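Visitor: Below are the chains, spelled out letter by letter.
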Amino acid sequence: MAVDAQSVIGTFEPSLFLPNLLSRSKNEVLRELVGHVQSSRLVRETAPVLEMLKSREQLGSTGIGHGIAIPHGRSLSVQRLVAGFAKHEKGVAWDSPDGEPVRMIFLILAPPVEQPNRYLPFLGRIVEAINDPERRAALDRVSTFPEFQRFLHDALS
Amino acid sequence: MPSRKAEPAEEAIASRDPLTILVLLQDLDLLLRDAADPSQAQESVRMGFKVKGLEGLREARQQLAAGLEARILRQYEAAAKRYAGRALVPLKDRICLGCSGVIPTGASRDPHRILTCQSCGRILYPL
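Read top to bottom, the protein sequences are chains X and D. Residue 1 is where the first sequence starts when you use this note's numbering, and the numbers rise one by one after that. Residue 1001 is where the second sequence starts when you use this note's numbering, and the numbers rise one by one after that.
Because the hints were derived from the structure by calculation, they are not lab data. Everything numeric in this text was worked out from a predicted model, so none of it was measured. Any given hint could be a false lead.
[To be verified] Here are a few chain X residues that sit away from chain D, every Cβ distance over 10 Å (derived from the structure):
hint : residue
1    : 9
2    : 39
3    : 51
4    : 55
5    : 77
6    : 118
[What the hints assert, rightly or not] Here are the simulated DSS-like pairs of lysine-lysine, each with C-alpha atoms no more than 27 Å apart in a straight line:
hint : chain 1 : residue 1 : chain 2 : residue 2
7    : D       : 1050      : X       : 54
8    : D       : 1092      : X       : 87
9    : D       : 1092      : X       : 90
10   : D       : 1092      : D       : 1081
11   : X       : 90        : X       : 54
12   : D       : 1052      : D       : 1092
13   : D       : 1052      : X       : 54
14   : D       : 1081      : X       : 54
15   : X       : 87        : X       : 54
Glycine is no exception: its CB is placed at the ideal position from the N, C-alpha and C atoms.
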């Protein structure tokens, strides 16, 4: 299923745009992100979501290099596709292939079943949006949610 | 003979209610199933993600399953087999979102009691 740029942009929650994460480790960052998901009432309960994200990291790092990680997964606690974007000024070790600390994080959560199934195509579009150095540099300069939306629009249109 | 001291992970699991353990178990089973599916794993790797730690997750799965009463685990596994891994489904406004069956008003919301849809046999997760 194709996921258009507007649909991608509309899936990101303004309340999950977090330009100044404070945590010092990967697990703490995941906990901090899920804490914001809880505050935004986007999931029924957060413990399973945090466990699922940690399990996904145990399966293999979601750090994809160039200072970017995309923690993602499905949980019954999630009622619809939810996405967020966060930045960490200093960077956090994420066991990425290039060993670079992660400073930009896309969080993607989905229910076990969706009609239509947008989860994997959505993930693919995010990877597509950051697949060249100029776009990554542009993303690094983003500091507000409207700027982030403009970045996605330019990268995906 | 002194009893074996529980590992921290086992203690954490034992302190959780059965419904939460079932949710964790289903989430983990779905992750394991996707990771073991060659086309999904290949797609993940193509996108730049690592997929390698299946054994560790299988051990975690065993620990979780051990935290459930045998009859609940049997019920979960039978429903998972019947419904392609989706043994648990949300319950919203007394409707089972697996089969649209209506759940009686008196049905319990106690997380220590497992609520089952009488129409389809799936385990219900109240939203």
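Visitor: Hint by hint, note whether the structure agrees.
Guide: These are the hints, each one checked on the structure:
| no. | hint | in the structure |
| --- | --- | --- |
| 1 | 9 | 20 Å, holds |
| 2 | 39 | 18 Å, holds |
| 3 | 51 | 5 Å, violated |
| 4 | 55 | 6 Å, violated |
| 5 | 77 | 6 Å, violated |
| 6 | 118 | 15 Å, holds |
| 7 | 1050/D - 54/X | 14 Å, holds |
| 8 | 1092/D - 87/X | 35 Å, violated |
| 9 | 1092/D - 90/X | 43 Å, violated |
| 10 | 1092/D - 1081/D | 23 Å, holds |
| 11 | 90/X - 54/X | 22 Å, holds |
| 12 | 1052/D - 1092/D | 36 Å, violated |
| 13 | 1052/D - 54/X | 14 Å, holds |
| 14 | 1081/D - 54/X | 25 Å, holds |
| 15 | 87/X - 54/X | 19 Å, holds |
Violation of the numbered hints given earlier is confined to hints 3, 4, 5, 8, 9, 12; the remaining hints are satisfied by the structure.
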